[in-house]
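Chains as they are written, first to last, in the numbering used here: chain Y, 10 to 239; chain G, 4 to 58; chain D, 2 to 249.
To be clear, the hints were calculated from the coordinates, so they are not data collected in a lab.
Note that CB positions come from ideal geometry on N, CA and C, so glycine has one too.
Relax, there's no trap hidden among the hints.
Taking lysine-lysine and the BS3-like style, the derived pairs with C-alpha atoms no more than 25 Å apart in a straight line are:
1) Lys46(G) x Lys235(D)
2) Lys242(D) x Lys88(D)
3) Lys88(D) x Lys241(D)
4) Lys235(D) x Lys40(G)
5) Lys241(D) x Lys40(G)
6) Lys46(G) x Lys242(D)
7) Lys46(G) x Lys241(D)
Partial list, computed: chain Y residues near chain D (C-beta under 8 Å):
8) Leu169
9) Leu179
10) Leu183
11) Leu185
12) Pro186
13) Ile189
14) Ala229
15) Ala232
16) Ile236
17) Glu239
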Amino acid sequence: MNKSNNTSLLSGFNAMFRRDCLQYIKNPSQLLNPLIFFVMITAAFPFAVDSSKLQLTQIGPGIIWIMAILSYLLTLQHLYLDDADDGCLDYIILSPQPLPLLVLAKICAHWISSGLPLIIISPIIGIIYQMQVDTILVMIATLFFGTFALSLIGSIGASLTISINNSNILVSLLVLPIMIPILIFGARTIGLYQAGTTTISGLYFMSAYCMFALSFSPFASAAALKIGSE
Amino acid sequence: MMEFFAMDYAFYVYSSLLAFLSVIIICTKDAFRHLSKTLGHIKNTIHQMESDNET
Amino acid sequence: MWTFLHKMASPRYFYSIATSLIPWFLVSGLILMVAGLINGLFYAPPDYQQGDAFRIIYVHVPSAYISMMAYSLMAFAAFVALIWRIKIAHAVIVGAAPLGAWFTFLALLTGSIWGRPMWGTWWEWGDPRLTSELLMLFLYLGYMALRASLPNLAQADKLSAILILIGAINIPIIHFSVEWWTSLHQGPTLLKAGGPAIDSLMLYPLLAMIIGTTLYFGSLLLVRTKAEVLNREKNSRWAKKMLSGDQL
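The following block holds chain Y by itself, in its conformation from the complex (with noise of 0.2 Å):
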């Protein structure tokens, strides 16, 4: 390819990339509603529950993973709707990039904006639910697989529902099921190493959902936008 054109695949992926981060880095409210959201959630937990030492350890790593696939799932709205709303997907759509590609970079430009700080303020809920420090650096690590897993699925979910309004629970019902294997790992990865099993099998089966997930979402996720906008 001509360099000088700047039309290579890196230079197309870098664009939308840096375009989509500081789309979202102009507009931190959005993100940090939910983030909000799940700090005051799991914080609000053991309000309502028995809070003896014993049980918040053993509730702690469920109710941590299922308060950040919920928050997540909230940010999910703005991977698309933005814009869809002022008319850039359809120029999106048309450019001859190819689409997954961009898809790509659009669902990695969300999972730093969104994933990221989760995860850095997710040792924050542990110590709420006292969790000692490798145990935190368990949940790091499902966390870190888990929120990837959840931006590439839940791609697929909101291309599907572009073109209906006030989708947000109807993204979360698509996408839900899809996200319970990794819930489930991810939970129990962090429960076993706090009962003093190993926990490696747990994370691997994370990074193989993953590489799955990013094996096919992409392509998915740009075949739902074509056909959703029409």
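Given chain Y's structure and the hints, the job is docking chains G and D onto it.
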């Protein structure tokens, strides 16, 4: 005949049988009702259009 | 055979072929189901381990089989519809979804009823097969929810077909879950190497039930697909001619 109802776990066996039969019946009635409703609806539309044409 | 398949892709031929096939499937399915149920409930010998409770198998296994078969059918139809753009395949998916959902619910319900005396619990959350079958129900419901919320028919068709294909990964997960993970649910009895591991007096009513329920499901599927085809083709000449001639 009563000995059939006195088998072990009769409650479980017969309740699952009941569930199966009721789902089958619900599905059948629903499917045929859906078909006749569709047919009726379309026939009404066609008759409506024909009578509109005639008037 | 290829001519037959080509013909089936045309809504008009499909409609007439379906109309003639439905009574055959319905009656043969009903006969086989009645025969299988009576034999299985009253004439099959009681299991040495489970006693008479094993008779739930004659209801549970056909439902579970149909739930997976219906989804595989929908996935195959979605593939055909997206790749070869055969529009009638979308009507088949629409027709199969509610039936598949009902049978999945039935499989979960009868399985739960069976689990109570056998495993001591109505439900077991860590069990991979129970969880993946529940996921299957959610996939059916998600499909129907997506269809209901998209007003444009062509868009709804294609997008929901994509959704079905993505969820198709669940089918091998359900089937192999008892082999890959430790599960309360027993392993495969019929489809395993070395032939079925079940006594033939118990086996034949089970096969009759499976085949009978499949035929019955096929007849209901044809009925629902007929309705859906009619809905889509109501403006075409063959439909108008047929309907003003007042046929069912």
